[in-house]
Structure formats: C-alpha cells, structure tokens
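Q: Since the structure of chain A is already known, use the hints to place chain B on it.
Chain by chain, the residues run as shown.
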Amino acid sequence: MRNEDTNSEAADSGTAENSRTVESRRTATVDGRPVPVDPEPGQCLRTWLREKGSRGVKKGCDGGDCGACTVIVDDEAVHSCIYPAHRAAGKTVTTIEGLGTPEHMHPVQENFLDAGGFQCGFCTAGMICTVASMTEEDKKDLPRSLKGNVCRCTGYRSIEDAIAGHRNIDPGNRGVGSSTGALAGPGVVTGTVRYTMDMDPDELPAPLLHAALVHSTRAHARIRGIDTSRALAEPGVVTVLTHEDAPSKRFSTAQHELVGDDPKDTRVFDDVVRYYGQRVAVVVAESQRAAERGVRLVEVDYEDLPAVFDVETADSPCAPVIHPEAVDVGQDGAGEDGTGQDGTGQDGEDPGIAHPQDNVLAEVHHHRGDVEAALAESAATHEATYRTQRLSHMALETHGCISWIDEDGRYVIRSSTQIPFLVRRTLSSLYDLDPDRVRVYCERVGGGFGGKQEVLCEDVALLATMATGSPVKLELTRKEIFTATTVRHPFRMRIRVGADRDGKLTALAVDVRSNTGAYGNHGPGVLFHGVGESIAVYNAPNKRVDAMVLYTNTLPSGAFRGYGLSQMIFAVESAISTVGRKLGIDELEMRRINIVGPNDPMLGPHDEPEEDLLIGSYGLDQCIDLVNHAMERGAQRWEEHIAAGHGEELSEEWRIGTGHGIAMIATAPPRGHIAHADIELAENSIFELRVGTAEFGNGTSTVHAQLAATMLKTTTDRIRLKQSDSDVVTHDTGAFGSTGTTIAGRANEAAVKDLITVLQKLAAPRLGVSAEEVVIAGDQAVVAGSAELCGEFAAIVGPIRCERSIPLETLRAEHIARTGQPPTGHGYWGGTPRSVAFNVHGFRVAVNMSTGELRILQSVHAADAGVVMNPNQCRGQIEGGVAQAIGAAMYEQVVIDESNGKPVTDILRQYKAPNFADLPHTEVYFAETSDELGPQGAKSMSESPFNPVAPALANAVRDATGVDFTSTPLTRDTIWAGLVEAGVDSAEPDDGKTIAT
Amino acid sequence: MDMTCVDEVLSCADPDSWRPGDSWLAGGTVLFSYGTDITRGAPTRLLDITEAGWEPTRWNTCDSRVGKVDGRVGELEIAATCRIAEIYGFASAGNLPQPSSAVPNSELPGLDLFAPCCDSFVASWKIWNASTIGGNVATALPAGPMISLLAGLDATALLLGPSGSRRSLPVADLVLGEARTALCEGELIRSFHLDIATLRQPCAFRRISLTERGRSAALLIGRLLDDGRIRLTLTASTKRPHIVELGDDANHPATSAGLHAAIDAAVEGNWHDDIHGSPRWREAMTHRLGEEILGELLAWQTIPNRTGDISMTRRPA
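Order-wise, the sequence lines are chains A and B. To convert, note that position 737 of the first sequence is 737 in the numbering used here; the numbers rise steadily by one, no gaps. To convert, note that position 270 of the second sequence is 1270 in the numbering used here; the numbers rise steadily by one, no gaps.
This is chain A alone, in the form it adopts within the complex (with noise of 0.2 Å):
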C-alpha cells in the first residue's frame, strides 16, 4: 500500500485534458427520491445505497456470486456489490424497498410472502428484485435465471413456488398444526426487516466507529513485536489494539451451558499466532474505509515456530506443542474418560485439554464385548477409513457485531448470533464485568447453521469500546469467513463392520481422528456428539470406540449442523450398506433387522445409555418404509415417464443406482439446555411473549406463536413476540442443538399454562365457577362447556360475545389495579429428559461412465419430528438441510494448502454452495408419532435432515458404479477418477472394488 500517494493533489497534472475527475455532485434516483452521488473513491453501489439508508440492500458475499445485493438500474438488474458507486450519477436505482412496501407490495413479494419462499430471509431481498427484472422466458429458466442467486436455507423448491405463484401458507394465523406464515414475513420480503448491521446510527449514543481485523500471515509464529505507528498516521485511525491492550485471559469461543465444558485456550489477541489468519489486531477509524487502510499498515513481526498441518502426525513427538501454555497449567490424563474436564470453569485452572504436550485435545476410548473375536467369527466384514472435508456455514449474513455504552453506562452488544445470553457471560467473564453491565440482543439473524454458536467477534468490539468509549462496529468480511472463523470438523474414520449369514451385526468399531485446527473450541463436544447416536442406533453386542480430536495449525473446525454427526453416519451408513451388500442382504432391511427398537437401549461410547436419553416417540420404521414406498414409486414412475417417451433415456454410458441412509439424534444437547420464558397479557388482549431463543431462518418464532396461540385458544397475530435479548428473559442457553422448540417450546408452554392459571383464578369468582371450568378463548375467559365451541369459533373469526364470559381486557385491569402489574405467566425448562427425533434418506442417481457426471434422478426423506408443529416450515427445514448435505456431499469445500496451511479458499466463487441448478426436488415424508417429552408432541427437526444425505448419496453411486467412494464431496472429477482407478470407467461395474479417493 503506498500511502504516500494517499493525499498527491490534482496540481499534479498528469491528467490529461481528455480525463476529468468523475463529476462527484451529480444525482441519482434512489426509490424515487434525488440522491446527490458522493461515494468514496472505489465504493461500490451496495456499501454507497446502505450508506444513504438504503438498508434493505444486503451484503452477502460481497463478490458478485450471491445475489443478495441485486438493485434495479434503469431497469437493469445489477449486483450492486461489485457496481462502481460513480456510476449510479443520472440513473434511477430501485432497491426492494422501492419495488414496494408492507402496505403495498410488489406481486412478487406477495408471492414470496403466501409461498413462504424464504427461511432467514437474507437473500430475499436480492432474490425478489431479480425475480422482478426476470422475463417470463426467464422464469421458464430457472437453472439460467437463477444462477448467481444463493439461498443457504430453502433449498430453492419454496422460492420456486414463489416465482410460479404457488401459496403454501395457510390463512387465518392458526396454531398447531397449520403452514401459518412466519411472523416476520411482510418485513423479510419488503427489506424492512432489520438484520444486525441495519441499525440507523442515529440510534447510537454517540457517533458509530468501524473495526476492521489483521490477520497472521503464518501459520505458527510467535509475534516479536506490533509496529501501528503507520496505520495510526493513517487519516480518520482512532487507535490499534493488540495482545498488549487485550485481557491475557483465555476463554473458549465455543459456548455450552456448561462453561467446562469448552476448553479455554483462546485469548482476544495473543502473541502468538496458531494458524494462518488468526486474528492479530483490530485497527478502530471513523470510517470502514480508514480501517481498511489501517489494516493494510499494521506492521508484524513473527518470529516463525515449526507447524504441524496433519492431524495423523499432530501427536508424534516431533510435532511442534501448539498450546505449551497448557502443558503446566492442565493436568494430563485427567478424567476417566480421558477429556481433561473437570466442569469447573474457573480461570487460571484446567484449561480442559486431555494431553496438551501431545496436542490431544480429547478422547474417548469404550469397548463394549470382543469386537476382534467376533470379527473374525462374522460371515462377512468390512473395513475402510472414510474421511470428511472442511465445510464453511456459508450463512448469507456474515458474523457481526455493533457495541456501544446505554445512558445507564452498560455495555450494548447487537449481535449476529444464536446465543445471546452466552455471548454476554463469556464477555463479562473475560473483562470481569457485573453481568448486569452487559447486554446482548439479536433482532433477525441471516443464518446460522452453527456457526454463531461462537464468540468470534463480540468480544473485540467490545474491547474497542471500551478502549475508545464509542459505539463500535465490528463486520467480518466474507473472506474473513472462509478463513478466520470456524469449519466443519475433519474427520478420518476407520470402521471396522461384522455381521451373521442373517445380517445382524456382530460387531461396529470405529477408530476416528478428528481435526480442531489451531483451536479447541468445539472439539470435545462434536467428537463425542459424533460417536454417540451414529452408533447407538444399531443394535451389536460388540462395540469398540477410539477417537481422538487433536490441534494443528489450521483454521479452527467448529459447531457445523450435526455436530459431528454428518461425519460419523456417513462412514457408518456407507460401512453398513457396504456389510449388507456381501451378504446380498439390501441396504433398507439391513437396516430393519439392526436398528434400535422403540424399547432397545441406545448404546454409544459409554457403558451404560445416557440417562436422560429417552424414545419419546418412535418413528425410525415408519421412516424407513415411507422412503421405501417412495423409491419404488419413483421407480416406476420413472419407467412410465421414459416408456410413454418424455425425457431423454439416457446414453450407455450412464448406470443407474439407490441409496439410503438413516441417521438418529438427540433432540437437544446433553448437559444441560435452559430456556426461560414469560407471557404477559398486554393491551387489547394481545399476548407478549418473551421468549431467549434467537431466529435465523429456523422458524422457531412462528412455532412459539403457533404454540401459546393453541393454548390460548386465540391466532398468532394476537402473540408479540419478543426474543433473543439477555435483556427479556432470565436466561437461554440459546438456538442451538435444535432447541427452539423442543427446550424454549416447553418454556413457552409452561409459561402459557401458568398465565392461564392466573387467568382463571382472576375469572372463576367472577363467573361463578370453579378456575378449572375457565377456559382463555381469544379475548374472553369463558366458562368450560360453552366455551369449546365458543373458542373454536372465536379462533376462526376472532373476538366474540359468548354467554356467561368475561372480557380478558377486565381480567387484565383487575390484576393491575391489585399488583401493579399486568398477568404474568412463567416457564422454564431444564433441557432433560431428552427425546431422539429420526431421518431417512433416499437417492435414485445416474452416473456418467465417462465423465463423472452424478445426476440426482430421484431425491426422498423422511422424517420422525413427533407432532408437526408447522408442516410448511418443517418440510423448509427438511428440504434446506437436505440440500446443505447436498452440498456437503456433491460440491463444497473449504480448501487449506495442507503443505503450509495457508487458506485457499477466500471467496464465494471458489466456493460451490449450491445454486438453484444443483439441487433436485426432494420428496418430503413425516412418519406419525407424538414425542412424551416435546411441547405438544414435537421434536427437533433443524440439523438431522442433513445427517443421512451423504451416505444415502455415495451408497447410490456405489450401487450405480461398484466403486465405494470413502471420501467427500463426490465431485465428478473424484468420481472419474474413482472409476478410472478401479478400471471401471466405461465399462461394466466389477463389483467388490474398493478405492480409497
């Protein structure tokens, strides 16, 4: 950066009479009010149109490649994001904003709005505007028309209804059971919807400052010394903090319940850096542009250590120790079960890993019987290792935080995040703060998938806060995603499989290594996450676990959907599949004659089930048979479609195959998973409930009305919803482990059923009646009996008259005029017992011989969510994460250079996050349980779809090709090659081949 050049004047007149400097005090037309165009040099269109209030406009990937920034120049859709801002001077931009608003929509928001054709909402806005400028040749198109267009969460079948008209929600705002719209609908599709960076400055205490990170330039380096000097000359640098300015405590950015449970090795800034990209300062100016420049002139000083890159050599004596610091501190070994944690939590004590010396963060050794005895007895085995690749969340709105100091001088912190009261114990922890001094809220969240399950950012705006007093803000850049957050675990799995002449198995072994990069974080939790209900689901006398979760100088892995379990099933279902096809015994009753019964014992790496672990409802056969049903229709159907002459049959060269997979998981986290909740009857009989859980696409708000509106015999547009605000409830351990609904549910039912007692103590003397004959139906207590109809009805058509009732309005003063306070209702639930939900998978795919094509011919999924709560929305969460493993399993991965650990990938083009054109149709099946342990019957159904998908996909390729791919994704360069290696490559499938990729 030579920034010297900064400030050369025009009276240096190397500009030629013929170039003019770019006329800055034209106009423009930004939803049809005159805007003066003044951008910054080098701005683009995105950062100038947010700048001017325009915030509906939202910065994805801020490359061109998502879509997410689309505006209409005299109308021409562009992407905005990579659009000169200069050239907007004369011409008329129309944001979402502009092509209509929540009184008066635009067609195609009313379209998004009743096809519920968006989940987080974050590319919506984007989506929308280009759907506006699309012909209807366009639409016919959609592979073409909607390139460049990224949704992370549907899946695109419900943004395809959309665009063809098609309604999914229900009218009448309905409770339990119905595809009611979710509340934020009319904001998320006119872009008035606030998302973390689109708060109004003007809303700040004082005027907002911008943050911006260095990052390390090596891999394992211990920093000699910071120069700032350069980027604090920069004009508009307030001040640059390093590891000097920063708490020399160590914290975990991964956040549980239990503080113990994740290991503390991380520092806001350290001096010494663990992976290529970690974090090395922050440069704070008045402007994003200034801390950019500042960023580019902080001068680092590394003194290089030696750096181990893979996780099978981590632990050999030679490996350079990353966490030495640890090595005294920590007591070696301790724990039986070899994790190092001691669930206390305290600073300055165990840091929490197992054999720091050794970089072994944890480990879990059980064994169950003889599994080499009964290997060697078994009528067929099978033994492969099967690896797994980095993944990055890719959720549209990057993380991101705005800090500042309220009138009563506490800590503010909105944040993009799924843990709110997490983010604020670990920042009063870290700078020693009253609890009470901080506040941390989140309005939406623009997707999460885990990986704002993390303090990656909070905590260093707050510490420019601090430093600067000022309102800070704190936006990581996409790039900073791919590189400096978190990934998915990699994991190398050696699975070791027996089984009889009938199919049952004898014995399941599995030896797994799993890669946490520079930081522990989520290491512990997702290696025993991952070894736990990938095995518990079969039923084998003999079982033997050893797995291992070890540091290395990479980019720290973190909490991914699934949480380990997408890594373990894929190898399991493919090893079980694989066992089954020796014995001639097909994929879906090898899974009927093992898996665990309604009243079988889940047993995963330990002893003994977990206690708290229950079937609460049982599914898994259901699912299994409604994927089975549906293959086989799909079969045929697919025999019709080709005999009656539509499509093209495919070549020769193209083999056809099925595939399946199952997964199980818990319904939420094991220990412990709080949520509070209150209900307060507010005026005009609206309810407001107040719940912590975070919403990001995952639907959970609308289940909370659909919730308390069942209950309370009324719709879900009496219920306002407040959330995610360590400021409204006591605490939640936040949207995480698939807890939305199956942990704040049960709060919000608690709390529901507590307000309705207090309600039907204040109505029985006043209608004569003992309080359990009172019913809350709409705005009325009612007296039992006459009530059933009479809120039926009142549901339909809303407030009513009916006889021997009281208007909840005369409640709600009586409670006042006697306590001072509205009726209040209060719930909480502790997390346990927990259920186990189910998922099944299916693939017909055709492969191509010759090129390596895979073409998805048929896509189904079942699932066992207990009681439905909302079908529209939970097929959203099915098909969205089927197609995040579709990506996981075809396309996507996050690429480190394994010699020197440096990031490879660092944009979203060189990242395939699925667009519209790689992604089939799934088919969608609930099987019919009602969960004893879930609100109103429900389970958790955000991060299981994702799990069997994988397996399902590479079992349908094996059954196609005879080759067994062991490794993801299932590019078609890997699959070529794959076939070319066991010379099966245009030629008859030789069965039995095995080929490590």
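Treat the hints as calculated values from the structure; they're not laboratory data. Small disclaimer: the values here were computed from a predicted structure and weren't measured. Where a beta carbon is used, it is the ideal one built from N, C-alpha and C, also for glycine. A hint or two may mislead.
Now the in silico label distances, taken between C-beta atoms and shown as ranges [unchecked claim]:
| # | chain 1 | residue 1 | chain 2 | residue 2 | range |
| --- | --- | --- | --- | --- | --- |
| 1 | A | Glu898 | B | Arg1167 | 41 to 49 Å |
| 2 | A | Gly225 | B | Gly1164 | 45 to 53 Å |
| 3 | A | Pro107 | B | Ala1261 | 56 to 64 Å |
| 4 | B | Ser1311 | A | Glu652 | 18 to 26 Å |
| 5 | A | Gly53 | B | Arg1315 | 40 to 48 Å |
One side of the interface only, derived from the structure: several residues of chain A facing chain B at Cβ under 8 Å [to be verified]:
| # | residue |
| --- | --- |
| 6 | Gly67 |
| 7 | Ile82 |
| 8 | Tyr83 |
| 9 | Ser145 |
| 10 | Arg289 |
| 11 | Ala467 |
| 12 | Asp918 |
| 13 | Pro920 |
| 14 | Asp973 |
Under 7 Å between C-beta atoms, here's a sample of chain B residues computed to sit facing chain A [to be verified]:
| # | residue |
| --- | --- |
| 15 | Asp1002 |
| 16 | Thr1004 |
| 17 | Val1006 |
| 18 | Val1009 |
| 19 | Phe1032 |
| 20 | Ser1033 |
| 21 | Asn1129 |
| 22 | Ala1130 |
| 23 | Glu1212 |
| 24 | Ile1275 |
| 25 | Ser1278 |
| 26 | Pro1279 |
| 27 | Trp1281 |
A: For chain B alone, coordinates are given in the frame of chain A:
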C-alpha cells in the same frame, strides 16, 4: 466490495494519462469482486473507460489494416467496453451486416457461438449488464468465456498504448496465462476484430463444468476451415488458449488419435489445476469434447454426442 485502496476515480481512456498504480476500469465486476486488481496489484487510481463513447459493435466494410475498400462487409468490430448483455443479444437482435438481406443468418454460423459462450459465465445474467468483453479478456482467467469465444473465432485485439502506440494481437496470444496478458504498462484494449470469413465457417461448441452451469472446466470451440482442416481452440482446461489444427495439411490428422496427439503436443501437460476441476479430469474431458466436436464438424455421427450443460443453438436461416 469497496476498493478502499483507491484514492481517485477518473473518466479516462487515454493511455497517455496512465501512471504507475493505475488500473483501467471497465465493467468493474472483477475489480470490485476482489477489491483489488488480480492482474497487477491494488490500484490507487481507477481510469474508467466506459464513458469513452465507443460504439459497442459495428460491421466494418473493409479491413482497415489492409485498406481494401470494395463496399463489402469485411469484419465485425466489438468495442472492449461492449457489455456481455449486448454480446448475448447480438445475434438475435438483428445486428446483421447491412444490407441484411445480403448475408442470411445461415451464412454466419459463427454468431451462434455468442450465446453459449455468454452462458458459460459462472456469473449471473445480471452481471452481464455491467461486465464487458474487454474486461473478461484483460482478466485472463482460464475460464474466461469471452477469451474462448474470441480465440475460437481467430479474433484480433487492437491495443492502444501511451505515446500513440497502436498494435494488433491475436486474442489467443494476448492471454499468456492465469491473470497474465501481453498488455504493456498503460496499454488498453480498444476493440476486437472478427473476420467475416471466419464467421461464415461451420463451428461447434462444447463445455463441461464440475457443476451444472458452474465455472467452465473445459471449453472447446471447433471450426471447419475453408480448406477442410479443423481448427480447435482449447480453453478453461488450460492456463491459456491453445489452438490445434487437424487435417490433411496439418501436423495431425483429423482422427481420434490425431486429436489426442495434437492436444497433448499443444498443452504439454500444463493442465489447469484449481478447485474447479483436477488436471487429469480436465485433460480427459478436453479429449472427449474434442472428439465430439470432430464428430460434429466431420459429420461422423448423424446425432452427435453432446456432453455438457450448455449447447449451441443454430439460428434458423
């Protein structure tokens, strides 16, 4: 993304105004997607050439370099600032040489390559409203589909440099490697020139990507020359365009074996390697697509095999 390295943006297409640290700004879709200039480093000034007023496309009645004036259309000139949206719509928008009756569609099959090459962009059609043909060539990425199109049609580029320098270079020679061109300091691409004789030759198009409508992993364009030889342009699978010729007077016969030998001799094992396809797969696909093109141009098969997700549609006569 914002280019925070930039201090000044000028509207300027004059190479004499160029100074070190400058980058030419055309559509801006590549510069702004990286926040820097991947071909020369972070610029401090952007010289915006899009207001130069260059006519996007025009039919020249003669080849100005030869000076032959006989009233007949000699070439298609495409300005560097012509946007991809205009290239895509060119063949279907009645942009034929005037008088149009003189040259029916069927006599210019080369124009049929324009649309599939545009569709080979991994970028959305919305990007085409800003991206330019010159910008795609100057970025010099292996998968640059305008490089494929222009090299596949033997186009030359007119380059303007400081002090009035002016030279022509075949597009296939202008692109030297990944993000590397033969452009000198301060030199810009003014226009591309396509001989109408080339556009008259039968042509064929094939491409494959790791994903449906993803970034090209191999993109081949073949033409049947007037003398019966086949000229095949390999792009995307290689670091720069390679042109091979097959036929009686060429070094390699127009057979499968000849094709493989010609390709291997041209590429010398230097297959492109990145996340969008392994070198070995790209090599195999280049051979396969080349064979399909040979089959199509030499009418080996009545219904030629069509690998890939994008195909060329022939316009009706």
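Q: Indicate, hint by hint, whether the structure satisfies it.
A: Hints, verified against the model:
| no. | hint | verdict |
| --- | --- | --- |
| 1 | A/Glu898 with B/Arg1167: 41 to 49 Å | holds (44 Å) |
| 2 | A/Gly225 with B/Gly1164: 45 to 53 Å | holds (51 Å) |
| 3 | A/Pro107 with B/Ala1261: 56 to 64 Å | holds (59 Å) |
| 4 | B/Ser1311 with A/Glu652: 18 to 26 Å | holds (20 Å) |
| 5 | A/Gly53 with B/Arg1315: 40 to 48 Å | holds (47 Å) |
| 6 | Gly67 | holds (6 Å) |
| 7 | Ile82 | holds (4 Å) |
| 8 | Tyr83 | holds (6 Å) |
| 9 | Ser145 | holds (7 Å) |
| 10 | Arg289 | holds (5 Å) |
| 11 | Ala467 | violated (23 Å) |
| 12 | Asp918 | holds (6 Å) |
| 13 | Pro920 | violated (11 Å) |
| 14 | Asp973 | holds (4 Å) |
| 15 | Asp1002 | holds (5 Å) |
| 16 | Thr1004 | holds (4 Å) |
| 17 | Val1006 | holds (3 Å) |
| 18 | Val1009 | holds (5 Å) |
| 19 | Phe1032 | holds (4 Å) |
| 20 | Ser1033 | holds (4 Å) |
| 21 | Asn1129 | holds (4 Å) |
| 22 | Ala1130 | holds (6 Å) |
| 23 | Glu1212 | holds (4 Å) |
| 24 | Ile1275 | holds (5 Å) |
| 25 | Ser1278 | holds (4 Å) |
| 26 | Pro1279 | violated (9 Å) |
| 27 | Trp1281 | holds (4 Å) |
Hint compliance for this structure: hints 11, 13 and 26 are not met, and every other hint is.
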